[in-house]
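Chemist: 164 is the number of the first residue of the sequence shown in this note's numbering; add one for each residue after it.
Check before you lean on any hint, since a few could be wrong.
Stated by the list, open to error - Pairwise CB distance ranges, derived in the manner of DEER restraints:
no. : residue 1 : residue 2 : range
1   : Glu419    : Ser376    : 40 to 48 Å
2   : Ser376    : Arg465    : 25 to 33 Å
3   : Arg449    : Asp393    : 23 to 31 Å
4   : Phe208    : Arg465    : 45 to 53 Å
5   : Glu419    : Val202    : 40 to 48 Å
6   : Asp180    : Phe457    : 43 to 51 Å
7   : Glu419    : Lys264    : 42 to 50 Å
8   : Asp334    : Thr259    : 24 to 32 Å
9   : Thr433    : Pro378    : 18 to 26 Å
10  : Gly365    : Phe430    : 40 to 48 Å
11  : Glu464    : Thr366    : 40 to 48 Å
12  : Asp180    : Gln241    : 29 to 37 Å
Said to hold, decoys possible - Derived DMTMM-like pairs: lysine to aspartate or glutamate, alpha-carbon spacing no greater than 20 Å straight-line:
no. : residue 1 : residue 2
13  : Lys264    : Asp254
14  : Lys274    : Glu290
15  : Lys402    : Glu345
16  : Lys409    : Asp393
17  : Lys356    : Asp244
18  : Lys263    : Glu178
19  : Lys409    : Glu419
20  : Lys206    : Asp254
21  : Lys356    : Glu345
The set of hints was computed from the structure by calculation and includes no laboratory data. Treat the numbers as computed from the prediction; the structure is a model and nothing was measured. Heads up, the beta-carbon is just placed ideally off N, CA and C, and yes, glycines get one too.
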Amino acid sequence: MIETPIALLDPTKQEFDFESLLPFVSRPSRYIGGEWNSVRRDKAFRENAVGVCLAFPDLYETGFANMGIGILYQVVNQRSDSFAERVYAPDQDLATLLEKKGWPYFSLESKTPLSKFDILGFSLPYELCYTNVLEMLHLSQIPLRSSQRDLRHPLIVGGGPCAVNPEPLADFFDCFVIGDGEEIIQEIIERVKWFKGRESRGTKLELLRSLVSIPGLYVPSLYEVVYRPDQTIEKIVPKMDGVAEKISYRQSQLSESVFPLAPVVPFVQTVHDRLNVEIQRGCPWRCRFCQAGFSYHTYRERGADQL
164 MIETPIALLD
174 PTKQEFDFES
184 LLPFVSRPSR
194 YIGGEWNSVR
204 RDKAFRENAV
214 GVCLAFPDLY
224 ETGFANMGIG
234 ILYQVVNQRS
244 DSFAERVYAP
254 DQDLATLLEK
264 KGWPYFSLES
274 KTPLSKFDIL
284 GFSLPYELCY
294 TNVLEMLHLS
304 QIPLRSSQRD
314 LRHPLIVGGG
324 PCAVNPEPLA
334 DFFDCFVIGD
344 GEEIIQEIIE
354 RVKWFKGRES
364 RGTKLELLRS
374 LVSIPGLYVP
384 SLYEVVYRPD
394 QTIEKIVPKM
404 DGVAEKISYR
414 QSQLSESVFP
424 LAPVVPFVQT
434 VHDRLNVEIQ
444 RGCPWRCRFC
454 QAGFSYHTYR
464 ERGADQL
């Protein structure tokens with residue numbers, strides 16, 4: 164994979180007929196959007212709000228039932244100053260068509276190029292999807308490395324179970340959410356909104372420095388990683404004053420956490436073809452082989468009345 168994305172067309176100025184590609188892919192229902200209960204904001208609203216695209220780096224059928232995406236989708240769309248759309252990894256047929264035409268990858272709801280969002284948030288459920296993250300950035304014509312991006316590009320945020328060990332992807336993300344995302348995503352939106360509203364927008368470094376004060380948010384570019392001779396990490400230290408030495412784990416109270424009561428309903432059969440209800444987060448047993456017990460500590464339950 165090349166690190167400099169193709170930029171044959173400027174996605175900020177060019178209109179793309181993405182639907183013209185759908186007759187040439189195997190499952191167009193993955194990309195048409197418009198599912199029952201999905202949220203579609205009009206153009207005027209989108210132009211004056213903070214745009215968040217929630218990305219799952221696997222195929223639509225696999226990622227659709229991800230509970231984290233569903234919760235954040237409702238949280239962001241409940242606000243009057245932001246909107247959330249979704250995107251899943253494309254199959255190879257669509258990826259080939261996009262590269263052949265030099266068109267950027269797009270969101271489900273409004274078919275907006277991903278590069279035009281203010282925030283592009285990736286859920287990181289398992290390590291095998293890491294290459295899909297890079298492929299989606301590449302197809303979106305967004306530079307892969309954080310150091311190659313500036314304020315013309317979206318803020319690339321990672322979260323989910325694998326974010327508890329963010330270092331393998333640190334060069335590619337602007338920041339990571341360590342822990343639960345319901346509250347912290349709103350704080351990120353507030354900072355981005357404030358930054359966009361200033362007369363002088365400043366630099367990306369200024370934006371990152373304003374974000375690093377949010378509890379539970381790790382900004383890799385503001386830290387230096389010191390390695391041992393065997394390439395294991397010896398320590399991670401802040402590069403400047405005002406940056407926390409340790410990142411606290413962000414945890415929400417399930418009794419106060421929202422849940423999508425009107426979840427999006429797909430047009431096609433998905434891998435997890437069922438209605439999900441979150442009764443608990445984490446696991447009380449904390450078996451050493453299990454990701455959930457360690458990624459979502461401490462163990463919490465929703466009350467019976469709430470369920």
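Chemist: List in ascending order the numbers of the hints, as given earlier, that are violated by the structure.
Modeler: 1, 4, 5, 9, 14, 15, 16, 19 and 20
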